[in-house]
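> Taken in sequence, the protein lines are chains A and B.
Per numbering that gives the first Met the number 0, residue 0 is the first one in the first sequence, and the count goes up by one each step.
Per numbering that gives the first Met the number 0, residue 0 is the first one in the second sequence, and the count goes up by one each step.
Hint data in this document are derived by calculation from the structure and do not stem from the laboratory.
One or more of the hints may lead you astray.
Since copy identity is lost for identical chains, a pair holds within one copy or between any two.
[Said to hold, decoys possible] Below, in silico cross-link-like pairs of lysine-lysine (DSSO-like), each with a Cα-Cα straight-line distance of 30 angstroms or less:
hint	residue 1	residue 2
1	K661	K860
2	K860	K805
3	K496	K252
4	K397	K508
5	K865	K886
6	K496	K805
7	K424	K381
8	K461	K496
9	K252	K641
10	K230	K269
11	K461	K893
12	K76	K395
13	K461	K381
14	K717	K496
15	K860	K370
16	K374	K228
17	K508	K805
18	K433	K422
19	K661	K802
20	K407	K661
21	K661	K473
22	K80	K895
Number of protein chains: 2
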Amino acid sequence: MPPSTLRRPTKTTKVTKHTKRAKATNAPKVTKAPKAVRAAKATKALKPTKAPAKGVRGPMSSAPKSGKMVFYFGRTKCEGKAEQKLLLGGKGANLADMTSIGLPVPPGFTITTDTCARYYTEGRRLPKGLLDEVRGHIATLEKELGKKLGDMRNPLLVSVRSGAAVSMPGMMDTVLNLGLNDLVVLGLAEATGNRRFAFDAFRRLINMFGDVVMGVDHHHFEREFDAIKTKYGAASDTDVPTVGLEELCFAYKRVYREHVGEEFPQDPMKQLELSIEAVFKSWNGDRAISYRNINDIKGLNGTAVNVQAMAYGNMGDDSGTGVAFTRDPSTGENIFYGEFLVNAQGEDVVAGIRTPRPISEMDDWMPAVYKQLLKVRSTLEKHYKDMQDIEFTVEKGKLFMLQTRNGKRTGTAAVRVAVEMVKEKLIDEKTALKRIPAGDLTQLLLPSFQAKDTAGVTVLTKGIGASPGAATGKLAFTAAEAVERARAGEQVLLVRKETSPEDVEGMHKAVGILTSTGGKTSHAAVVAVGWGKCCVVGAGELSMDTEAGTMTVAGRTFGRQDVLSIDGTTGEVMLGSVTRTVPESLGGDFATIMQWADRHARMKVRTNADTPADARRAREFGAVGIGLCRTEHMFFEGDRIKAVRQMILASDRDDRESAIAKLLPFQREDFVGIFTAMDGYPVTVRLLDPPLHEFVPHEHAQQEELAQEAGVPVSEVKRRVAQLHEHNPMLGHRGCRLAVTYPEILVMQVRAIVEATLHCLEQGIDAQPEIMIPLVGTRRELASLRDLTARTIAEVCAERGVKAPKIPIGTMIEIPRAAVTADEIAEAAEFFSFGTNDLTQMTFGFSRDDIGSFLPAYIVKGLLDKDPFQSIDQDGVGQLVRMACVKGRQAREKLKLGVCGEHGGDPASIRFFGSCGLDYVSCSPFRVPVARLAAAQAAMA
Amino acid sequence: MPPSTLRRPTKTTKVTKHTKRAKATNAPKVTKAPKAVRAAKATKALKPTKAPAKGVRGPMSSAPKSGKMVFYFGRTKCEGKAEQKLLLGGKGANLADMTSIGLPVPPGFTITTDTCARYYTEGRRLPKGLLDEVRGHIATLEKELGKKLGDMRNPLLVSVRSGAAVSMPGMMDTVLNLGLNDLVVLGLAEATGNRRFAFDAFRRLINMFGDVVMGVDHHHFEREFDAIKTKYGAASDTDVPTVGLEELCFAYKRVYREHVGEEFPQDPMKQLELSIEAVFKSWNGDRAISYRNINDIKGLNGTAVNVQAMAYGNMGDDSGTGVAFTRDPSTGENIFYGEFLVNAQGEDVVAGIRTPRPISEMDDWMPAVYKQLLKVRSTLEKHYKDMQDIEFTVEKGKLFMLQTRNGKRTGTAAVRVAVEMVKEKLIDEKTALKRIPAGDLTQLLLPSFQAKDTAGVTVLTKGIGASPGAATGKLAFTAAEAVERARAGEQVLLVRKETSPEDVEGMHKAVGILTSTGGKTSHAAVVAVGWGKCCVVGAGELSMDTEAGTMTVAGRTFGRQDVLSIDGTTGEVMLGSVTRTVPESLGGDFATIMQWADRHARMKVRTNADTPADARRAREFGAVGIGLCRTEHMFFEGDRIKAVRQMILASDRDDRESAIAKLLPFQREDFVGIFTAMDGYPVTVRLLDPPLHEFVPHEHAQQEELAQEAGVPVSEVKRRVAQLHEHNPMLGHRGCRLAVTYPEILVMQVRAIVEATLHCLEQGIDAQPEIMIPLVGTRRELASLRDLTARTIAEVCAERGVKAPKIPIGTMIEIPRAAVTADEIAEAAEFFSFGTNDLTQMTFGFSRDDIGSFLPAYIVKGLLDKDPFQSIDQDGVGQLVRMACVKGRQAREKLKLGVCGEHGGDPASIRFFGSCGLDYVSCSPFRVPVARLAAAQAAMA
């Protein structure tokens, strides 16, 4: 098992404690936390507490009490509890919890957040008696471990870490190896028989202590290290010989003295005292205060300080380190799964310099420790009732648990683990449902490149994985080409700079879509996600010559006959054909979970589908209706686009009506197909929505063609196209505004719906159309169009002499004005469907197509937690949704409420919609299982 | 006095009763109300009443009572009251009121709305006893007038009109001359000695009765009339000889018989009965129901029916007709002002076929009637306490008042009338303030072309009057040209297809702006309104050749040396130089009104100004601060734009900072100028707002120039320009998003503000800057930028070793999300300024630049009452404003609230803002007096 495999399932690079340690000193810091000592300059007072911070459980912290200041965790005693996060900080509470269930955690103690508050209320002085308490706990620690702080032969070394109730950048970094000094380092060298290890640990301590505690700029240390490396001709840190490290410690102490004005403290207790105070000071550093302000974190007293014994896996052949999962995180199988390295530190496992051994081989190496570890495994699963991801170190035959947390897992594993844990009676059905990250279900539904397939594959470039899946095909450079070659039986990848609605047919026919611009919410991405079609966007290194039919990347040029593969999850663009794994059938555990989900869900799950094929696929995935059937896609196919363009070019109403009349039979046929596919379930048809300029050609050749067809000069076509241009098409002439200015389009569409319905009913098909009027902003607008719709329905039925079937007429709520006046709007609407894409655009003032230039900065700077187009902004956009639900139902008690924006497939958003009382969510076919599970989770929230 | 003069002041075409009559029968109807008889088919039930309709005063109408069904108005008795609008309808209540104050109104009676309701509850039958009551009132009428219904020698003729409490299209049209039949017409001919008049009246009755009451399609009558005209070679109706009209009556009766299936009713009571029932039926016609639905009109029982005696001014030389104002509507002078025509009908006065005589000459013609009219004048002013606009008819020496209403007047007249009426003790100060339409004050402030100046002027074309005023100048075709020639002392009109921010300097230097595209909210219009500069936009007939320096219109081509004039009120583009009238100084009555206004206003009035000149002008108009100082305009002037473009082209932060550094001294100087001009008053500076692409050149020549200056290839400039392109720039990378991605711009601007402030304070100038961060959507965004702003302020002050002056930091509320989360936002803001332009764009989903294609249809169809960019949409956008005020003040009690969108100068909007508790409004300098008056009106509302 190669080192990379273990960490593969979650695709996150894991930073272990040891790795952090390495990073803390080796990597140059570009942006770093302000130094604790400088932080002391900050004079800003604590803001008055108002409400408990987000994520903070338990009662609100009150004024600091003058009671117990330090809580011990260890074999001897464990004074803290998992629930005391507010008092002990997140890290402290966690260490106490692990200890209390009998895990062999390196012992230590936590100084409470109240003590930090007292530090400030008592004039920035360590509270009286604190150091005595600390000394007492150190003594317990020494006794428990049989080591002694400052003892040359058997030294106790500790780490000091900050830890508030909420994790917070800007707080003090970790200080490791505390307790070393000029003498102890020698003892350590001797005790371990590893002089290099000892001096490496010491130079790290001086550096960290100087930098983090005393505010000496890191680059002063860096400069010394560079000099040593030059001296020994060492390319990297690890090439420096032991003597070099000894020289380095000497140089570091000089740097320390020069910048701090006194010697590096040799007294371990002094080191500890200064470190504790530095942690307290960092609580009111500029960056921490700013972070709390910006993130509205209130109600916290201060930070806790964690002092913990160090444990080393590199002390000889009776030492080692490893990582493991209590079950297989990739498949979910109930086996102990992991790997270890003898005489190594944590980072060695991840770094891959040495090949770790499978965890089962520990039985050969140290059977007792392995047995102990297996027991830990069982304890953990019983305690946390979930699969755990653990890190451990064996120091001289003694096992230490460094960390345990719920293990990340693939969607497949999540399903299996959940179902099996129910069988094992570890958890109940509801817990099982809650446990599975709903979004991960897509992994079970889409083909993907498996790790073993991608070995030896050439990755040409990497874009943004916009729609998961795996696709391999020959390159097609225009939509028309893709359509033609796909019809001829070729598997083609459509490669474009960006896509537009004109490309839709070609996109549909291609096996995958690759663009060089755009983000996750670009046209290509959104359309592809809707179809569950593999798509990579924003691969900026691609350069395309559409006319020549070539694409250049990484210095190589590809033509129409070249085959590439794209991974819609990772965004990788690969050379040649890569084997794909097609998902298994959706039976077994997956079916069990879906069954449980439907049993517990309150909201129904519909799908967004515009074609019978999509509708059928969504039914297979369990959709119970269509929540959004867009009609514009229907306008692009085949000969229809010609009639649409004639309609747009029409110089008067008569011309327009005759063009529209040509569309009627097509539309009717479309609806017959969809109603048939959704037999027995409702189908919400949205009337024409996009601005008309999306239907006209923007390239000269196509404009000429259109001019010829329409029998008008090309200048006329160009004039009309120019006239249709808008500065902000998103806020322009579209949606129901089209129906206001061209009512004949609405009449044709409604007629097609009614005629299709009557046709279906005659055939014994239970067609249940609902007519949805988009982009409504005012009650009058809706009332007037509803009137016209109702009259058209009545007219068609009267023509045929049949009783009008019940066809609810409703609207989308996607304009902020519609949300705030939902009570008025509801008077004219039998249902609302929230169009949260547009609602987000307008509520935030964010154009989906343009956020690429600033949204990344917002995420990086923490001004937004996530892209509001991916997951609904509950505080802002969500507030409007909730308001519209309440007002709408006030005006019309039985108002049906749904959502059809892309948020309808996002689990967090679905949970929110559940809390608003929505009747259903609607999402793309491939998200239906996700939504079913999320709906169940919402019902249990 | 030419006929047109009297109606000139208000520029509205006045439709008198007589004109309406003429229109009702002569003009072909393009869209017409559905016929009352067809309306009977409508089966839709009345919606349950919920709330009284808009505009309906008094208690809600309850179920129909079985009491009195008919209310008489006349000399004998007057049973109705002005307040009984709900029972008698608007028209009925008005007729009763006029009668009750002793005006000689043609007598008649009103059948109540309750009776209409009973008509429906009693199965669509006229309630029992109604016709008896009607007959009784007809008898009173006959007695009062000494005429008799159906009497050949002295016939009583009446009109029948519908009249609900709210005026409502779709209700039954008027039927006039009711009472005529084959015999009575002959008697009328003899009695009047005017056979033509009698048969003309009769053919109108048959037509109207057939069409409106019995549902015979108008075109059947039209066809007959055409045949008669052909027969007599008559070009128009009036050319048909008397005998032709007699033949026409015969033919009309045939048409009636053929389509109705029975003879035209000869019995006047039968005519009346059918007409009354037709009015009732029209209440539930499709169009009326649809109108009530769309306009949310509820709480009405039905329509009233008004039956009123006819009065004719064309019965000989002792008859006549006239229109008059109780004071001069143009100047406000307290003189009786009007004109009359002997032996004429009302439409003759307006039509201008004969020249009317001044009203004073009535004294010569009929001294007694004139004396009576003067008494009416005085009665009216005492009763209505306002200047009245009256219509009267003299029938055989007897005066009849046909209408009185508050007279429209010019702004000048409004001010004078109000001030003088206070002096006359007719009204008090508050009433005077309420009385003046605040918006009309602009008429006193801007130069204009007076009627007498425009006689003989050639109007080349008409665009949209976007910014009032009058301007004459030579044509300049580019902004650069305008700047250059204006510097050389020329008066130039800038003529452009459309303008962009690059043109701002040229626009400023021109005396007026004329564009061939765009609407009232286009860039040109908005900028011009801000400066009070005359501007005409959307003059679509203009065709410009910018390179050649020519403009073609109406077949003529004009060059750089040609002089044109534009009227920013009417939109007229005129040949040559037209004399302008410059307004008088703002003293006298105007000053009195302003003084009174300030005494009663609660809200302060600030101005939107970007330059010291604008600031000074606004101070003269009474502004007490700047509510919006845009900084982007400052970026366009002179050499600055170069630095701005360098900043945009910068490839890294260093380059960018060095370009920005060049801007600092300019910005500082700008602020010193503005703070000095506003000495002692607050100045709210908005940080950079527009998207960066507005600053880069889009034409090749300019791009090359920039490339040379910046020392980069032109391809790089093009690349960057293309990169800055956005699909929806309105929702793109602008506002505070610029500060998030380029914090160095914010830092420079804040530094400039602080340095300018400190400089001013040193000079003894009381600079009071407020820093406003635009386009904020989230609390975190604002908190983070506020942080940076505060730190920069502290830094600059620390550098100089001075105590930081108090500089409030606030934000614009212009994004819906900011409004709904205003409580959170307020935590980081010391003030809110509502940017209602953008807030309207996003709340409605309307792009100001693109509404031209659909907004007109919305207004025409009654889906919107008015352009929401002109006057705030109180129900939707206003709801967000109100919510933000409440939430904002909940979070921060002393939060200062203002508005700086263009709505800040709109009286109706100002009234609304007053009700929300805003502290100030801010508007363009020229709107300041308007806003001061509107603020007073708001306080009294």
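> Does each hint fit the structure? Answer for all of them.
Consistency of the hints with the structure:
For the homomeric pair K661 and K860, the shortest alpha-carbon distance between copies (28 angstroms) is at most 30 angstroms, but the shortest distance inside one copy (53 angstroms) is not. Taking the shortest Cα distances, K860 and K805 sit within 30 angstroms of each other only across copies (28 angstroms), while inside one copy they are farther apart (52 angstroms). For the homomeric pair K496 and K252, neither the shortest alpha-carbon distance inside one copy (57 angstroms) nor that between copies (74 angstroms) is at most 30 angstroms. Proximity of K397 to K508 under the C-alpha cut-off of 30 angstroms is found in neither arrangement, the shortest distances being 61 angstroms within a copy and 86 angstroms between copies.
In this assembly of identical chains, the alpha carbons of K865 and K886 lie at most 30 angstroms apart whether taken from the same copy (28 angstroms) or from different copies (25 angstroms). Taking the shortest alpha-carbon separations for K496 and K805, neither the intra-copy value of 46 angstroms nor the inter-copy value of 52 angstroms comes in at or below 30 angstroms. In the homo-oligomer, the alpha carbons of K424 and K381 lie at most 30 angstroms apart inside one protomer (11 angstroms), although the nearest pairing across protomers, at 92 angstroms, exceeds that limit. In this assembly of identical chains, K461 and K496 lie within 30 angstroms of each other by CA distance solely inside one copy; the values are 15 angstroms within and 45 angstroms between copies.
Within a single copy, K252 and K641 get their C-alpha atoms no closer than 81 angstroms, and across copies no closer than 52 angstroms, so neither meets the 30 angstroms cut-off. Proximity of K230 and K269 under a CA criterion of 30 angstroms is satisfied in neither setting, with 34 angstroms inside one chain copy and 122 angstroms between copies. For a Cα distance limit of 30 angstroms, the shortest separation of K461 from K893 qualifies neither inside one copy, at 50 angstroms, nor across copies, at 53 angstroms. When the C-alpha separation of K76 and K395 is checked against a cutoff of 30 angstroms, the pair qualifies only within one copy, where the shortest distance is 23 angstroms, while the shortest distance between copies is 118 angstroms.
Taking CA atoms no more than 30 angstroms apart as the test, K461 paired with K381 passes in neither setting, with 42 angstroms inside one copy and 84 angstroms between copies. Taking the shortest Cα distances, K717 and K496 sit within 30 angstroms of each other both inside one copy (23 angstroms) and across copies (17 angstroms). For a Cα distance limit of 30 angstroms, the shortest separation of K860 from K370 qualifies neither inside one copy, at 46 angstroms, nor across copies, at 82 angstroms. For the homomeric pair K374 and K228, neither the shortest alpha-carbon distance inside one copy (46 angstroms) nor that between copies (112 angstroms) is at most 30 angstroms.
For a Cα distance limit of 30 angstroms, the shortest separation of K508 from K805 qualifies neither inside one copy, at 36 angstroms, nor across copies, at 64 angstroms. For the homomeric pair K433 and K422, the shortest alpha-carbon distance inside one copy (16 angstroms) is at most 30 angstroms, but the shortest distance between copies (79 angstroms) is not. Taking the shortest alpha-carbon separations for K661 and K802, only the intra-copy value of 27 angstroms comes in at or below 30 angstroms, while the best inter-copy value is 76 angstroms. Taking the shortest Cα distances, K407 and K661 never come within 30 angstroms of each other, neither inside one copy (55 angstroms) nor across copies (53 angstroms).
Proximity of K661 and K473 under a CA criterion of 30 angstroms is satisfied in neither setting, with 36 angstroms inside one chain copy and 53 angstroms between copies. When the C-alpha separation of K80 and K895 is checked against a cutoff of 30 angstroms, the pair qualifies neither within a copy, at 47 angstroms, nor between copies, at 47 angstroms.
Of the hints listed earlier, those the structure fails to meet are numbers 3, 4, 6, 9, 10, 11, 13, 15, 16, 17, 20, 21, 22, in rising order.
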